[in-house]
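Participant: Heads up: the sequence lines are chains P and C, in that order. Convert by adding 32 to the 1-based position in the first sequence; the result is the number in the numbering used here. So in the numbering used here, spot 24 of the second sequence is number 9, and the numbers just go up one at a time.
Bear in mind the hints are in silico, worked out from the structure with no lab data behind them. C-beta: ideal position from N, C-alpha, C; glycine also. The hints are all genuine.
Here are some chain C residues the structure puts well away from chain P; computed CB gaps all over 10 angstroms: (1) Ile48; (2) Asp111; (3) Lys154; (4) Lys161; (5) Asn280.
In silico negatives: residues of chain P with every beta carbon more than 12 angstroms from chain C: (6) Glu70; (7) Asp109; (8) Ser128; (9) Leu168.
In silico DSS-like pairs for lysine-lysine, Cα to Cα no more than 27 angstroms straight-line: (10) Lys16/C with Lys183/P; (11) Lys185/P with Lys340/C; (12) Lys87/C with Lys220/C; (13) Lys16/C with Lys185/P; (14) Lys278/C with Lys172/P; (15) Lys278/C with Lys183/P; (16) Lys183/P with Lys340/C.
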Amino acid sequence: MNEILEILSENAKATPSEIAALLGRSEADVAREISELEDAGVIKKYITLINWEKLDNSVVFAVLELKVALQRKTGYDAVAERIARFSEVESVRLISGDHDLSVTVRGKSMKDIAYFVAEKIAPLEGVQSTCTHFILKNYKEHGVILTEKPKPKRLVVTP
Amino acid sequence: MRQSLKNLPAWNADAHLSHVVKSMPPSGIRKFFDLVSEMDGAISLGVGEPDFVTPWHVREACIYSLESGNTHYTSNRGMPELRDAICDQVRRDLKLDYNPAKEILITTGVSEAVDLAFRATLNPGDEAIVPEPCYVAYAPDIVLAGGVPRMVPTRLEDEFRLRPEEVAKAVTENTKAVLLSYPNNPTGAIMTRADLEDLADVVVENDLLVISDEVYAKLSYSVSHVSFAQLEGMKDRTLILNGLSKSHAMTGWRIGYAMGDSALVGAMTKVHQYTMLCAPTMAQVAALEAMQKGNEEMLRMRHEYDLRRRLFVSGLNRIGLDCFEPRGAFYAFPSIQRWGLSSEEFAQRLLLEQKVAVVPGNVFGQSGEGFLRCSYATSREELIEALDRMENFISGL
Ligand SMILES: Cc1ncc(COP(=O)(O)O)c(C=O)c1O
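This is chain P alone, in the form it adopts within the complex:
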């Protein structure tokens, strides 16, 4: 992978000057490459990984598995893009296996999400069936273990 992307994918806050120091390149050079990556749409957005379970105000997530009728000409794209437009929807993926689309939905409560699925997703033309899985606990997200214990200690000075 591109070394700059690798660093940014781990830490969106890494500045061009920090990245330059890590890679032994000039800051201007790194800044230019980042803006090229942004312009090309390779870098889409800089986001923050939040451990929602540490907060009391509830956020609920669910994974929907959808069976979708394949459309002439547009395949799955038309339905998938339609679903993607709802602001409740966090991700839409075409997957192999028993189902066709895997959709992550975010809401304030389970009821909220259940209604959203019943009212907006299930009735969509082309959606043949839905199966809603509520997420009960998050163990790992974006490569980060959320339930990690504190790091074991090393001796402070060793030869």
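Chain C with the ligand: place on chain P using the hints.
Facilitator: The following block gives chain C with the ligand in isolation, referenced to the frame of chain P:
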């Protein structure tokens, strides 16, 4: 109680200690260890081991093996599968063939391999040449084996590579071996193929055994490690010592190995069988997993060290702590000579005034005086914070 056993003078344990052990100097880092341990909020660049925890797949393999009841001794030389796996890797990395049945011994860390190497080869009064600055165990191990360490200096102007003239100067009729330790702790120096070739002449001329501690071999940056054993005709007289402590973040497991001529390794195995019997079985199982499936994780950790190396070394040079480019291990060895303080004074004041712990270079031998060993096996955030604090310290000097 018998009358004669009453009113005895107090037991004097000291009188019962060996002279050799009594005259061994205490470790130079002890003082710093105590100081740092008592200090809140100190950043330690004094740690000579990876900050990574052993990769999960390795720990998991060990747990599974323990659950299956794999708790017995292994053969003295170590598990045959592990010896095979290491020989395979050495064949890939160094293009050298070693017989897993006779030419390798699995040890309890490289530490044991170093000890065995000297014990198996030195007669009383035999000398072994050791380039300084270096890891702290070599000289005491030589003394314990009845030998005499002959320390030779390496210098900043040579980027701490060993000069053949220095070896030649130190050779006497009692010289038996020369120890090489590259990539080097504490300097981060490496020896290129050309550097080693220059050395080979002196080695052959004086018929020396080469004991090569290559525990940092995998941690070489933008160069591939070259072993003295790879030089034409040098394999037989070279004993390679290596292990998984640094490369695979496995310091606490205590697995190392020695590789070389079957007579040499056989002699070491004799000592090992009476003193250690075998390396810990569960750790050997873990090492096997690391050898067979741990390459990706090893590369991932090395990549992270390399990023930190660039960040840290350029940072040191920026704040005025002049540092040559270390191309191996995870240490930077900046010079503090321009301030005229001793390494110990500098390190102690840096710790007390700015709470950054480094190891004074003289701990690793006289030629390390005027330098500091800074380990970059710590997080990027801590390295950046440490650089800030060091800059503050320097501006007050
Ligand atoms: C050069 C060198 N050799 C050997 C060792 C000891 O390694 P092990 O943990 O395998 O005994 C160290 C550890 O710091 C070292 O730096």
